[in-house]
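Participant: Sequence:
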Amino acid sequence: VARAVWRPEPDLATSTESWLLAGGPHHTVLSTAVGLEALEDFARIAETELLLIDAATDQRQFAKELRWNQAYYRLARGL
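For what it's worth, this note's numbering labels the leading residue of the sequence shown as 14, then goes sequentially.
Calculated directly from the structure, the hints in this document are not laboratory data. Take the hints with a grain of salt, since some may be wrong.
[Claimed, not checked] Have a look at the derived ranges for each label pair, beta carbon to beta carbon:
#, residue 1, residue 2, range
1, Gly91, Trp19, 34 to 40 Å
2, Pro23, Leu63, 16 to 22 Å
3, Gly91, Pro23, 23 to 29 Å
4, Leu52, Ala76, 17 to 23 Å
5, Ala69, His39, 22 to 28 Å
6, Asp67, Gly91, 30 to 36 Å
These figures come from a predicted structure and were not determined experimentally. C-beta atoms are modelled at their ideal positions from N, C-alpha and C, and glycine is treated no differently.
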């Protein structure tokens, strides 16, 4: 069913692994009605993490981004 409305980028293996690392089964949003800029604005206003899995996603870089984000959000909570 998802394949009818979503094409995995950059490929199925990378997008699936990234999605799982990011906690995808519990924290997922898929929108074709709202653009990336609106989602970025909302994440900034809500002070929440936004992770983008797209054609440019590199698995190693994505994993590093998750680790850096984890440190950032922990520090930001304490300030």
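Participant: It remains to establish, for every hint, whether it holds in the given structure.
Facilitator: Structure-based check of each hint:
no., hint, verdict
1, Gly91 - Trp19: 34 to 40 Å, "holds, 37 Å"
2, Pro23 - Leu63: 16 to 22 Å, "holds, 19 Å"
3, Gly91 - Pro23: 23 to 29 Å, "violated, 35 Å"
4, Leu52 - Ala76: 17 to 23 Å, "holds, 21 Å"
5, Ala69 - His39: 22 to 28 Å, "holds, 25 Å"
6, Asp67 - Gly91: 30 to 36 Å, "holds, 31 Å"
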